[in-house]
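Anchor point for the sequence shown: position 99 equals 99 in UniProt numbering, and the numbering is continuous, going up by one each time.
Because the hints were derived from the structure by calculation, they are not lab data.
C-beta: ideal position from N, C-alpha, C; glycine also.
Take the hints with a grain of salt, since some may be wrong.
Here are the in silico distance ranges between beta carbons for each label pair [said to hold, decoys possible]:
1. G173 to D16: 24 to 34 Å
2. L204 to P38: 26 to 36 Å
3. A59 to D144: 38 to 48 Å
4. G197 to E99: 21 to 31 Å
5. G4 to P49: 16 to 26 Å
6. A176 to L204: 20 to 30 Å
7. R104 to D72: 16 to 26 Å
8. A66 to H185: 27 to 37 Å
9. A74 to L204: 34 to 44 Å
10. S96 to R181: 20 to 30 Å
11. A176 to D116: 36 to 46 Å
12. D143 to F101: 12 to 22 Å
13. E88 to E33: 33 to 43 Å
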Amino acid sequence: MSRGLVERAIAAVAADPSRQVLSYNRFAGPWVEGELRPRGVDTFPGGHPLPESLRTWLAYDGGMLARHGWFDRAGGLAPRTLGEIAVEEFGEPWGSCFEPFSDRFGGCFLLPGGSDSRRVLSLGPNGERDELGEYPVFALDVDDLPYAVLMYPGFDAYLADTAGVLDPAEGEGYDALKNDRRFAHRMRTHARDRLAGDYDLLCLP
């Protein structure tokens, strides 16, 4: 499923590369800005392998991820902690509420998504992946109380949904895919490995 989803997403983007990633948030920018900028990367820092979905996307273009802080000046992947991303995106006092949970999320990468919320791919403390080799994507929200919730089982599902090629989920809310027969097992795997079986984590100040 992983490769097929990404190939469908790439085909949709290639049909109109300059369209906005998020129709409701112009700050995310276009899918492709100017010329394509493919990047050949095989591993994350620490030796954790890239999932096939991410390698396939980076072979197409890395510009959108570069705009969201994925790479250092030398062109290497540069993960941040959950707390660092939250502070930069939300400011204080909300941002620092996530810092105590940084170790649980390991290296993180910001993805386009949400207006008041954010999307973060998490490598976990030990590079925990699901059966397709994918790392989960969490939504961070501070609308009422700050919390993190498992939203996608991998970059494959995130990319397909954001590009508009994923059929609607069989459920509602950030964690709707936990009840979707296509992704439920993978969502349960990540919930077990990352949040002791839960799907969200409340970050109390």
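Consistency of the hints with the structure:
The hinted range of 24 to 34 Å is satisfied by G173 and D16, whose Cβ atoms lie roughly 29 Å apart. For L204 and P38, the Cβ-Cβ distance of about 43 Å falls outside the hinted range of 26 to 36 Å, so the restraint is violated. In this structure, A59 and D144 meet the distance hint of 38 to 48 Å, their C-beta atoms being roughly 40 Å apart. Hint check: G197 to E99, Cβ distance near 23 Å, so the stated range 21 to 31 Å holds.
Evaluation of the 16 to 26 Å hint for G4 and P49 yields a pass: the beta carbon distance comes to about 20 Å. The beta-carbon spacing between A176 and L204, approximately 25 Å, falls within the hinted interval of 20 to 30 Å. The given range of 16 to 26 Å is respected by R104 and D72, whose C-beta atoms sit roughly 24 Å from each other. Here the CB-CB span from A66 to H185 is close to 33 Å, well matched to the stated 27 to 37 Å.
Under the hint 34 to 44 Å, the C-beta atoms of A74 and L204, about 38 Å apart, fit the expected range. The supplied range of 20 to 30 Å is broken by S96 and R181, whose beta-carbon atoms lie about 38 Å from each other. The given range of 36 to 46 Å is broken by A176 and D116, whose C-beta atoms sit roughly 18 Å from each other. The supplied range of 12 to 22 Å is met by D143 and F101, whose beta-carbon atoms lie about 18 Å from each other.
Judged by the Cβ atoms, the range 33 to 43 Å given for E88 and E33 is violated: they are separated by roughly 21 Å.
In terms of the numbered hints stated before, the structure departs from hints 2, 10, 11 and 13, listed from lowest to highest.
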